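J.: Protein chains in written order, with my numbering: chain A, 19 to 477; chain B, 3 to 548.
By construction, these hints were calculated from the structure, which means they are not laboratory data. There may be inaccurate statements among the hints.
Cut-off 27 Å, straight-line C-alpha distance, at most; resulting in silico cross-link-like pairs (BS3-like, lysine-lysine) [claimed, not checked]:
#, chain 1, residue 1, chain 2, residue 2
1, A, K27, B, K176
2, B, K532, B, K467
3, B, K526, A, K235
Stretch-level coverage of chain A by chain B, calculated; a stretch enters the list once three of its residues show a Cβ under 8 Å from a Cβ in chain B [claimed, not checked]:
#, stretch
4, 61 to 68
5, 149 to 163
6, 220 to 233
7, 424 to 431
Owing to the predicted nature of the structure, the values given are computational and were not obtained by experimental measurement. Every residue, glycine too, gets a C-beta built ideally from N, C-alpha and C.
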Amino acid sequence: MLLRHTPEKINERHALTINPAKTCQPIGAMYAALGMHGCLPHSHGSQGCCAYHRSTLTRHYKEPISAGTSSFTEGASVFGGQANLLQAINNIFTVYEPQVVAVHTTCLSETIGDDLPQIIDKAGKEGKIPKGRYVVYANTPSYVGSHVTGFSNMVKGMARVAESTGHKNGKVNIIPGWVEPADMEEIKRLAGLVGVDIILFPDTSGILNGPMSGEYKMFPEGGVTIDQLKSAGDSLGTLALGEWCSADAARFLDTNNKVPCRVLDIPIGLKATDRFVDALRIIAGVSVPEEVTHERGQLVDMVSDMHQYFFHKKVALAGDPDQLIALTEFLVSIDMWPTHLVSGTPGRAFEKRIRELTADLPYKVNVKADQNADMFLLHQWIKNDPVDLLIGNTYLKYIARDEDIPLVRWGFPIVDRVGHQYFPTVGYKGGLRLLEKILSAILDRKDRDDPEQSFELVM
Amino acid sequence: MPSMTKKLSNPSPADIKEEILGKYPPKVARKRAKQILINEALENETPEITANVRTIPGIITMRGCTYAGCKGVIMGPTRDIVNITHGPIGCGFYSWLTRRNQTDASAPDSENYMTYCFSTDMQDKDIIFGGEKKLALAIQEAYDLFHPKGIAIFATCPVGLIGDDIHAVAAKMKEKLGDCNVFAFSCEGYKGVSQSAGHHIANNQVFKHLVGLNDEKKPGEYKISLLGEYNIGGDGFEIDRILKKCGISNIATFSGNSSYDQFASAHTADLNAVMCHRSINYVADMLETKYGVPWIKVNFIGAGAAAKSLRKIAKYFGDQKLIDRVEEVIAEEMPAVQMVADEVRPRTEGKTAMLFVGGSRAHHYQELFKELGMKTISAGYEFAHRDDYEGREVLPNLKVDADSRNIEEIEVDPDETRYNPRKSEAELQALSEAGLRFKGYDGMIPEMDSGTMVIDDLNQYEAEKLVEMLKPDIFCAGIKEKFSIQKLGIPMKQLHSYDSGGPYAGFRGAINFYREIDRLVNSKVWGYLKAPWQENPELSATYVWE
């Protein structure tokens with residue numbers, strides 16, 4: 019057994035996190051920053067942070083992830099990292115020539131209190147930022163929130179680029195939340211189908227799902243441009259997908275640039291996608307095109323065709339709040355039973371929302387979202403109340419193997435399978451893929467376990 | 003985007019160096035010039051390179067941090083110690099199962115905590131008010147849950163800044179728990195200039211808190227410890243298989259597939275065989291000073307190198323039975339190796355490789371490439387020191403800079419009761435005269451051809467330039483470098499984690515590596531980079547419907 023020391027008996031822990039269902043802020047900031055065109059993320063801290071984030075993102079995407087680091091030494095940690103950051107900005111613009119450098123802090127630079135706006139201002143005054151190039155920033159202390167918080171903070175950093183000219187641009191900002199490049203592409207496709215002109219930020223499509231062509235482009239074609247971000251201040255409104263990942267930036271634009279916002283769930287599954295499409299329709303003042311309704315019908319069709327196989331199947335989930343909320347709604351909507359949920363990203367509101375979504379189920383779900391809401395606890399819950407399916411990142415495979423439960427990999431990071439870069443799980447098409455994955459996992463298990471006399475050809 | 007290189011046909015190393023440096027701001031160029039060395043034959047002298055110096059901010063380095071070197075590399079592979087990261091969640095998370103150091107915990111009562119990630123997950127209130135109480139409670143909670151033999155604490159950056167005394171907490175908890183060895187590592191990420199400082203810190207604490215705790219005599223003949231072998235992809239398993247076959251007893255591996263007791267018993271071995279000189283030479287020196295165990299450098303990467311290393315070990319013990327057995331084993335193992343080498347070699351002969359990895363691997367793996375008839379045209383380490391490039395002869399002349407001075411050097415004296423020189427001065431002298439070198443390592447540079455380029459702490463820009471100008475057939479580095487190189491259509495082999503492969507050590511490892519390199523450099527995929535219509539963009543005919 020790989021997790022042989024995990025006991026069934028649950029003792030409450032107050033200090034020790036075991037097998038976390040989260041990681042730290044800066045990696046979220048780095049991921050978000052990669053969704054800007056021509057952007058080099060920069061980690062203001064020890065070089066290990068940057069190495070770890072790049073490695074994790076690389077393993078997840080199987081794509082090059084470039085990022086700079088301030089490479090703090092003991093001296094910099096005592097005297098402040100200003101000199102390191104100034105030197106880094108100069109070196110990056112000289113050697114790598116990005117359009118934008120997106121600086122985020124770390125626990126180190128936050129603890130010593132480095133003032134990013136002041137240092138960046140100084141870099142500008144000293145001519146270290148070439149004309150027409152930008153430095154955006156986010157404070158991302160690792161000891162607050164999680165990777166989700168860091169993502170949100172960098173998205174807000176991007177929103178700070180927005181300018182208001184007083185003339186509306188007729189566009190809608192969409193903040194997609196922490197979803198895959200393929201999901202961002204799908205959101206753009208759906209908006210296009212409905213006929214809404216959007217500014218999507220961040221947008222990692224085209225950047226983290228690039229082709230192999232014999233050329234290495236450090237800054238590929240994709241990503242939201244600085245001009246688009248500037249223009250976001252003139253948009254008609256902002257749709258923020260996900261309270262945890264996207265709402266802060268949308269509210270910032272609301273307050274600062276008078277761009278009204280609406281916070282929706284990430285369009286995962288039938289109902290959340292319905293609400294998203296409905297919002298697009300209302301914004302554009304158009305009828306939803308038949309093509310979109312057709313896709314919706316296909317999802318409903320698959321649900322009805324295969325309902326008997328997933329009906330009342332119990333699911334344990336680990337992941338991030340915005341994603342788990344939407345997924346839980348989807349599972350409940352197709353008569354599956356989400357049973358245990360953990361998210362390391364703290365938030366009472368998450369627990370409350372999950373309780374609401376599962377209120378009509380004939381049992382009380384186990385849900386926890388704080389620093390001890392980890393995969394160790396999830397495993398203990400499963401030992402006490404077994405489930406039919408696990409959904410979450412690659413780390414769940416240890417529980418899956420020990421407890422012999424099928425696993426659908428979904429979330430971050432997925433470091434042992436591919437597909438998430440290329441195939442969306444948002445929208446109706448994404449719902450089809452998600453359901454296909456769930457069904458394959460359940461049916462593969464059934465095929466493995468059914469006795470010979472009742473082994474089924476047709477399913 | 004870095005600008006296009008001016009086209010140089012067959013650029014000389016000097017041209018390449020000039021081209022690379024040309025892009026840098028003057029200060030950076032001056033510094034990098036000393037870390038980019040064109041290997042030229044000097045009279046009985048190895049050219050000097052600058053290494054183990056600060057990384058240039060913003061340069062996109064390959065390097066990691068001290069915590070990674072300490073917790074990830076040295077302590078990570080030990081299965082029965084509960085490793086608690088004291089800090090915000092990230093550091094513990096990123097070092098959770100990501101290094102492919104395998105362990106064999108198949109014994110029924112075997113403890114294995116390597117699949118777990120333990121962290122104090124410090125929050126802002128812990129940063130403000132201090133994290134010592136939380137750390138003590140976390141240790142207690144870990145103890146109550148698992149009752150391990152040992153709990154190790156690893157400091158992350160903010161811990162040093164806020165001044166948590168992790169060593170005091172560890173000592174207090176060790177006393178309180180009674181039957182659990184609790185010890186701590188001050189391996190904050192900002193210390194030193196790379197993960198190398200973390201190796202040193204880990205070595206010191208392992209030596210202080212673990213080595214020498216178990217004097218019990220282990221069974222077996224020809225007892226050695228294997229130092230600096232981390233069992234990535236099962237390397238250690240293969241080396242253990244070979245040692246066992248030769249009748250050599252491996253008391254402790256630092257630290258692949260290791261357990262608490264192996265460290266505790268390491269001083270009972272009669273020889274230390276050092277694989278990765280960079281990460282572990284400190285422990286080798288301390289074991290010699292305190293317990294009288296001599297050390298020799300070995301290398302099990304490459305079939306020839308493995309055979310040579312076995313012969314060295316046999317020579318040390320000097321027993322004809324062992325000497326004969328080692329020859330028998332080599333004779334038994336080599337035909338299979340040779341057969342695959344002969345089969346693969348026509349497809350690899352004359353191809354070129356670049357290796358930028360680690361503190362030993364960029365050197366060791368040149369052996370395997372040589373066995374494939376491949377030439378290493380450029381290589382360098384990520385975090386090594388000058389002695390790993392130029393040989394230990396430079397050690398007395400190394401300048402200790404501010405970054406190294408902050409890493410503790412522990413003073414070790416001969417143990418009052420247990421110091422036992424395994425060989426007398428005369429015996430050592432005789433062995434030396436017979437060609438067995440103790441404490442000897444010549445480094446990477448002398449073994450590389452003239453005109454090759456040796457580059458320390460290579461960065462992304464330089465990697466891209468090198469590949470563009472020298473077009474190697476394979477490039478070896480780590481995960482962060484993998485895909486930018488492969489986008490160029492050049493196969494890239496990870497030599498930290500081996501991608502999904504291994505073992506590559508020993509005889510069977512050599513076979514695996516030959517096959518892997520054959521697969522990589524000859525894969526069909528590199529022929530698909532351009533679509534047919536890109537290769538022939540001109541419409542030269544119209545389709546005739548028939």
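J.: A separate judgement is required for each hint: does it hold in the structure or not?
T.: Structure-based check of all given hints:
1. A:K27 with B:K176: holds, 26 Å
2. B:K532 with B:K467: Roughly 22 Å separates the two Cα atoms, so the pair holds.
3. B:K526 with A:K235: It holds: about 23 Å lies between the C-alpha atoms, which stays within 27 Å.
4. 61 to 68: The restraint on the stretch 61 to 68 of chain A holds, since 5 of its residues have a Cβ under 8 Å from chain B and three suffice.
5. 149 to 163: Holds: 4 residues of the stretch 149 to 163 of chain A have a Cβ under 8 Å from chain B.
6. 220 to 233: holds (count 5)
7. 424 to 431: violated (count 0)
When the structure is compared with the earlier hints, a violation turns up for hint 7 alone.
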